[in-house]
Amino acid sequence: MTGTMRLKIVLILCCISAISGNDIYNQAWYSKLDSSKQAHYDNLTDDITSFLNGGDDSHRHDEYRGFGPVLLRTSFHAAGTFDHKFNKGGINGGTLQHNKVLEKSGNACIDIATDVIKVFARRNKISFADTTAIAGALALKSMDFPRMDLISVKGGRFDLDASHAGGPSDLPNAQVNPLQKFTDEYGFSTAEFVALIGGAHSLGAAHAVCTCYAGSFSDRPLSWAGPDFFRDLVDEEWTWYTLTTFDDDTITFTIGSEPDWPTGRGKREIQ
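Numbered per mature numbering (1 follows the signal peptide of the UniProt record, and there is no 0), the sequence shown spans residues -21 to -1, 1 to 250.
Simulated from the structure, these hints should not be mistaken for lab results. Hints may contain errors.
[Unchecked claim] The calculated lysine-lysine pairs, modelled on DSS-like cross-linking and capped at a C-alpha distance of 25 Å, are:
1) 133 to 11
2) 79 to 160
3) 120 to 133
4) 83 to 120
5) 104 to 120
6) 83 to 97
7) 104 to 11
[Said to hold, decoys possible] Pairwise CB distance ranges (calculated):
8) 55 to 219: 23 to 33 Å
9) 217 to 25: 13 to 23 Å
10) 98 to 170: 22 to 32 Å
11) 219 to 36: 43 to 53 Å
12) 162 to 22: 23 to 33 Å
13) 13 to 170: 36 to 46 Å
In this text the structure is predicted, and so the values were computed from the model without any measurement. For glycine and all other residues, C-beta sits at the position ideal for the given N, C-alpha and C.
With the sequences and hints as input, model every part of the structure.
The following block contains the structure:
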């Protein structure tokens, strides 16, 4: 092999590495970074990608091994902590790493992901806030999200202490109408809200020790399942259970009655 041929191969490999390493980033923002800062972000990307491909187990009750779904959930919950009334929270500030936020019921079991994110942030000298956003984008990429062309992550977020954490109603809960919250407070259209519900429940699984539901949302919890969540919701025959969890992670299921649906409308008719 000639020296010229070796040089060409090296250049090609470098180009491939650069493309795969920073393609989730907003290129206008990324190109303005100095080479040292670019290296930090590239190394962070490589670290998280290797971790996602390593098959680490995020929860022992899962039917799969992988951190993609919980990293994506964590990224969304970090953004969802923004309190519009008090102008606090959100992904900028990195407040999801603080116990004051993690202890909220809507963030149950997310600490397994925030612990990992903290390690990557410290190792690569990137803020927890930026690392959370980047981890969410890379999680989507690792699970074959078909529209990565829509993902354009900018960095530059900074971390704040726990005193800047959001207010009491950061995320939808049983007492808050989620459609109203996302349309009124976040400006979502109904179609966008439906897309959010379907997308969020096309990946990963729920755990009884964390939520009131247990099991994978689709047959492909580690890859984009398209509209499978909605198909299953409408087409499958569902048995309703009362779920009880105990401090030792023991879970019991008792067959229960079907919830009351809106008057005059069957469950298959609800759009």
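To test your reading of the hints: which numbers does this structure violate? 4, 9, 10, 11 and 12
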